[in-house]
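Build out the structure end to end from the sequences listed, making use of the hints.
Numbering (the numbering used here), first residue to last: 7 to 472.
Within a straight-line C-alpha distance of at most 30 Å, the following computed BS3-like cross-link-like pairs (lysine-lysine) qualify:
1. Lys-100 to Lys-146
2. Lys-235 to Lys-274
3. Lys-26 to Lys-149
4. Lys-297 to Lys-199
5. Lys-291 to Lys-199
So the derived label-pair ranges between C-beta atoms look like this:
6. Asn-403 to His-467: 39 to 45 Å
7. Gly-275 to Ser-224: 33 to 39 Å
8. Lys-248 to Ser-469: 53 to 59 Å
9. Lys-126 to Glu-471: 40 to 46 Å
If you're looking for bench data, these hints aren't it; they were derived computationally from the structure.
Built from N, CA and C at the ideal position, the CB exists for glycine as well.
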Amino acid sequence: MNITFHGAAQTVTGSKHLIKLDSGTQILLDCGMFQGHGKDTAKLNEDFGFNASEIDFLILSHAHIDHSGLIPKLVASGFKGQILATPATYDLCKILLEDSANIQESDAKYLNKKREKQGKQPIEPLYTKKDALLALTFFKKIKYETIHQVTNGVKLIFKDAGHIIGSASVHLDITENEKTTKISFSGDVGRFKDLILKEPATFRQADYILIESTYGSSLHEDAIAAEDKILEIIRDTCINRKGKVIIPAFSVGRTQELLYSLNSLELKGKLPDVKYFVDSPLSGKATLVVKAHPWNFNEKVQEVLKVDEDPFDFKGLRYVEDVEESMALNDDHSPMVIISASGMAEAGRVKHHIKNNINDPNNTILMVGYAEPSSLAGRLLNGVNPVHIFGEEYMVNAQIKFLQSLSAHGDQADLLRFLACQDKSLIKKMFLVHGEIKTQEIFKEKLMSEGYHDIEIPTRHQSFEL
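Right, dumping it as structure tokens:
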């Protein structure tokens with residue numbers, strides 16, 4: 007058999023790894039969208055690097071768009087196999103893929119207006135809402151810790167990855183020619199001291215491991231300390247300077263962690279009395295899905311649930327649904343906190359909030375997760391000034407803050423702890439995926455110093471015999 011890395015290879019987004027068996031069966035691990043690559047993004051998402059109609063099974067680690075976002079395009083391109091995912095991942099995909107389709111159609115409509123004026127032919131959206139709804143019919147839900155016979159000679163088990171609700175590490179036992187090969191794919195590994203979720207689960211010995219490396223070169227601050235830093239930033243911005251805190255946050259995972267932290271501050275009587283908005287209809291729907299899967303919560307959250315039936319709600323919190331109400335927030339100059347998608351500030355309402363508030367030195371733009379360097383969030387974090395937003399130039403006068411401790415990705419210590427259940431001498435090869443090349447090179451050196459060996463950093467479309 008062989009494996010080819012078609013995405014998240016020396017970059018963080020676009021997760022797609024294709025296993026081809028000697029029998030001809032093809033198993034795709036994730037089908038994610040590339041994000042935050044500027045003008046190159048559309049081109050990257052057009053080319054799978056494989057024939058969609060030849061894929062027999064798609065095994066999905068979790069619902070984040072950089073892992074699931076090209077599933078509708080896969081189906082529209084001829085895929086007719088099964089999509090295997092956890093129940094919570096399916097529930098999240100129901101809202102995330104439809105939302106992504108709406109964005110594709112909206113972007114195409116906007117661009118076609120410009121193209122018409124330029125006398126150019128119209129373009130088609132990457133996929134449509136119809137494609138997204140059709141894709142959902144291909145899903146088969148598999149619970150954690152359940153051995154599932156994918157096909158003859160292929161067994162699958164999902165283990166809790168602790169990254170977002172429903173996230174899983176993927177473990178395949180593939181028997182060919184009377185020999186069993188054990189492949190493990192980490193998906194995205196969560197924190198071992200996550201605010202909300204259980205820690206990543208241990209897994210059986212593997213021959214080959216695909217391990218994410220987003221923060222393989224760094225260590226996070228304690229997630230518990232994030233609560234105090236959020237409080238400090240709100241007090242300084244909203245109370246002392248009478249400004250706004252704008253927080254680009256992914257709808258799944260980060261938004262819920264922020265709400266949980268703010269709710270915790272209210273329970274302690276510390277939450278400042280200002281306005282709080284979640285300006286993302288998708289985030290509201292995602293929070294409902296998270297609430298519907300409480301068995302994924304860790305023991306601390308289980309204890310909170312005994313005294314607070316909703317740990318993601320607090321006095322003064324409002325969800326903004328319609329566009330008019332979102333736009334009205336820009337005319338309201340009172341102190342407030344706005345949590346809005348997307349996390350990289352590349353699309354959605356948060357991009358408008360940043361545009362309208364970036365000139366005011368009394369405001370703070372708070373980043374709480376990973377951002378591709380070329381994305382708007384990445385450029386702000388890297389000190390680019392001025393920045394271009396919607397084709398216009400804006401001076402960055404607002405304060406730019408970064409709270410890495412809320413990241414849903416494990417840091418170097420978490421990744422090493424995730425791998426600690428393995429006998430290093432029995433691992434035939436490790437592949438570092440889902441990371442920037444400089445980070446991966448540092449992580450590779452660390453792994454080798456810990457006794458791991460034969461570690462590859464694949465490039466896009468690179469194949470290896472297993």
